[in-house]
Amino acid sequence: MSDADAFEHDDAAYVMGLLSGAERVAFETHLKSCSDCAERVCNLSSTTEALAVLTAEALLALDESGDEPMPQSLLPGLLRRAGIRQRRQRRFTTGVSALAAASLVSLTVAVWPSGQPAAAARPVALSAVATTPLHATAALSEVRWGTRISLDCSYPDYLPQGTKRAFGLTVVAKDGTRQLLGTWTVAAGAHTRFTSGTSLPQTAIRSVQITRSDGVAVLSLNL
Amino acid sequence: MTAVAIGSRDAQLLRALHDEHGPALWSYVTGLLHGDRVRAEDVVQETLLRAWRNPHVLADPSASRGWLYTVARRIVIDDWRAGRRRPETITDQLPEQAVPDTAEQTVDRQLVMSALKTLSREHREVLLESYFRGRSVAEAAQALGVPPGTIKSRTHYALHALRAAITDMGGAA
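Line order of the protein sequences matches chains A and B. Counting in the numbering used here, the first sequence runs from 286 upward without gaps. Counting in the numbering used here, the second sequence runs from 7 upward without gaps.
Any given hint could turn out to be false.
Example chain A residues on the side facing chain B (calculated, C-beta under 10 Å, incomplete) [what the hints assert, rightly or not]:
id, residue
1, THR340
2, LEU359
3, SER439
4, LYS449
5, GLY453
Simulated from the structure, these hints should not be mistaken for laboratory data. In this text, a Cβ means the ideal position worked out from N, Cα and C, and glycines have one as well.
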């Protein structure tokens, strides 16, 4: 334990290559027996990769430039736009329900022209809720036992060779409960099809999410 | 145009959003747009409006900031892609290929810049000496006039703080 304490602060210096030869060897020996330090080193490596997009000049400029204050007009403009949007939304909602009532039959025909059941759902793209290179579409279909979810996701091939990430498919019910429907791994350039399901009827689902291994959602589809 | 009144609860929520997230978003978006204040004002307003329209994203404070940054970023990138405004590029490639990549790079850089802004001056200084100027622990210690142990602990806290800030903004680090 005291061994871990002695090395606790060395992770960043190691990752950035600041340690002397002897220090580096000692730290690497320590890493073999300390999973905490190994994990921190792994995390910090990607942080230094993020730094690689900048230069010393950019960092220096940051110190010199003070933050410009927000313009005074921002809040009044925001409130005005909110008012306009709310009014437009009200009009739109009234218009849509009138239209729906007037053409319920033709609308049904228009949506399923071939007479197929609602189950033949079209895939819909999930939108990013965190920065991620992952792309996915989901097709939800109502089945006797609940809802089937077919997922189609891809990881771009410009990512470094060997990049692999584990993801989970989570549904959030309208009552706020969450269900993890399965996990899978995607590699750079790969295309993964994944089908799973839930006992929840489609009407009880609030959103379908793709989550990272730490549970944070990266893509989401609100129903 | 006649003023359109919104309910006092909505106004209160928008004002709170503006006060809490406005300054950080403003700083981030002006950076992305190379100081175009008019466009930045529009993007920040649009971002806050979307948050007001999707109150469920505000339920979890630890995730809401990431959501806001992501939305702001999307608005700016979609605009670039639509050809309305583009980041400065010099390229001989077809625009359909070059623009998205450059846009993503500009966005990544700005996200890291905004994250660095949240660090203390001391932390930025130690990153400058070590990472950007490539000094060893001993050299950085001499340059900054502190013991070598302090360089190690400062780089440790600086890099972990940077990682937390980038994640907080919805980035990956």
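Task: A:GLY453 as chain B interface residue, shortest Cβ-Cβ below 10 Å - done: violated (16 Å)
- [ ] So, A:SER439 near chain B? Judge it on the closest CB pair being under 10 Å.
- [x] Interface hint status for A:SER439: violated (16 Å vs cutoff 10 Å).
Open item on the list: Please check whether A:THR340 passes as an interface residue: C-beta within 10 Å of a C-beta belonging to chain B.
Closed with: Cβ of A:THR340 sits 7 Å from chain B, so the hint holds.
- [ ] Have a go at the A:LYS449 hint: is there a Cβ in chain B nearer than 10 Å to its own Cβ?
- [x] For A:LYS449, the interface hint is violated, since the closest Cβ of chain B sits about 14 Å away, which is over 10 Å.
Open item on the list: Under 10 Å is the threshold here; is the Cβ of A:LEU359 close enough to any Cβ of chain B for the hint to stand?
Closed with: holds (5 Å)
Checked against the numbered hints listed earlier, the structure breaks hints 3, 4 and 5; every other hint is satisfied.
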